[in-house]
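For the record, in the sequence shown the residue sitting at position 114 is 113 according to numbering that gives the first Met the number 0, with numbers rising by one throughout.
FYI, nobody ran anything at the bench for these hints, they're computed from the structure. Here the structure is a predicted model, which is why all the values come from computation and not from measurement. It is possible that part of the hints are untrue.
Beta-carbon label-pair distances, calculated as ranges [stated by the list, open to error]:
id: 1; residue 1: R33; residue 2: R57; range: 43 to 49 angstroms
id: 2; residue 1: V107; residue 2: R58; range: 39 to 45 angstroms
id: 3; residue 1: P75; residue 2: V107; range: 26 to 32 angstroms
id: 4; residue 1: L112; residue 2: R33; range: 28 to 34 angstroms
id: 5; residue 1: R57; residue 2: L87; range: 27 to 33 angstroms
id: 6; residue 1: R14; residue 2: K83; range: 39 to 45 angstroms
id: 7; residue 1: A13; residue 2: G85; range: 34 to 40 angstroms
id: 8; residue 1: G12; residue 2: R101; range: 51 to 57 angstroms
We treat Cβ as the ideally placed atom computed from N, Cα and C, and that holds for glycine.
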Amino acid sequence: MSAAFGKCYDPSGARYGVPTYPWRLAPEGMATRRQLRAQGLRPGGQPIAAQLMRRSRRRKAGVSVAFLYRLDLAKPVRPMTSRKWGALALAMLARRTCPQCRTDAGYVIPASLGTCVTCAYPDDPPLGGIEHGPPEHAAR
Numbered sequence: 000m001s002a003a004f005g006k007c008y009d010p011s012g013a014r015y016g017v018p019t020y021p022w023r024l025a026p027e028g029m030a031t032r033r034q035l036r037a038q039g040l041r042p043g044g045q046p047i048a049a050q051l052m053r054r055s056r057r058r059k060a061g062v063s064v065a066f067l068y069r070l071d072l073a074k075p076v077r078p079m080t081s082r083k084w085g086a087l088a089l090a091m092l093a094r095r096t097c098p099q100c101r102t103d104a105g106y107v108i109p110a111s112l113g114t115c116v117t118c119a120y121p122d123d124p125p126l127g128g129i130e131h132g133p134p135e136h137a138a139r
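Let the sequences and hints guide you as you build the complete structure.
Printed below as a string of C-alpha cells:
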C-alpha cells in the first residue's frame, strides 16, 4: 500500500473522525452532492456519512476532499415553483443587461469589462469582420 493511499484509507473514521476512502473507491450506497443531484436527489439534512480524499497540488492543505452522503436517506429535489423560475429569469436578464447602454446584450456581460463588448470597444468593428457603413478608405 502506498503512503498516499494509506493516508486516504480510514474506513473506521479513527484518523479524521469520519470514514475516509481514496478517490474513486467510495462504498456502495454513498454518493457526492453532484452524484445525488444527477439522480434527482439532495442530501436532505442528513449528516456527512464519509469522505473521499486525494492528494492535490492546488490546495494549500495538500488534499482535496469530497463528502459522501447515504443514498437511502437522500430526498428528492424540490421542484422549481413559477415564482422561482421568474426570479431566475430576472436575475439572468440583469446579468445580460449592459449598465451603460441598458440593452440586453444576449450574453452574460463579462466582469472584466463591466459593459457589453460594443460599449467597451466602440471604435472596433463588430465581431464577424463585416464593416457596417461605407468603408473609410473608399475613394471619393
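Hints and how they fare:
no.: 1; hint: R33 / R57: 43 to 49 angstroms; result: 18 angstroms, violated
no.: 2; hint: V107 / R58: 39 to 45 angstroms; result: 28 angstroms, violated
no.: 3; hint: P75 / V107: 26 to 32 angstroms; result: 30 angstroms, holds
no.: 4; hint: L112 / R33: 28 to 34 angstroms; result: 31 angstroms, holds
no.: 5; hint: R57 / L87: 27 to 33 angstroms; result: 31 angstroms, holds
no.: 6; hint: R14 / K83: 39 to 45 angstroms; result: 42 angstroms, holds
no.: 7; hint: A13 / G85: 34 to 40 angstroms; result: 50 angstroms, violated
no.: 8; hint: G12 / R101: 51 to 57 angstroms; result: 56 angstroms, holds
Figure legend: structure checked against the earlier numbered hints; hints not met, in rising order: 1, 2 and 7.
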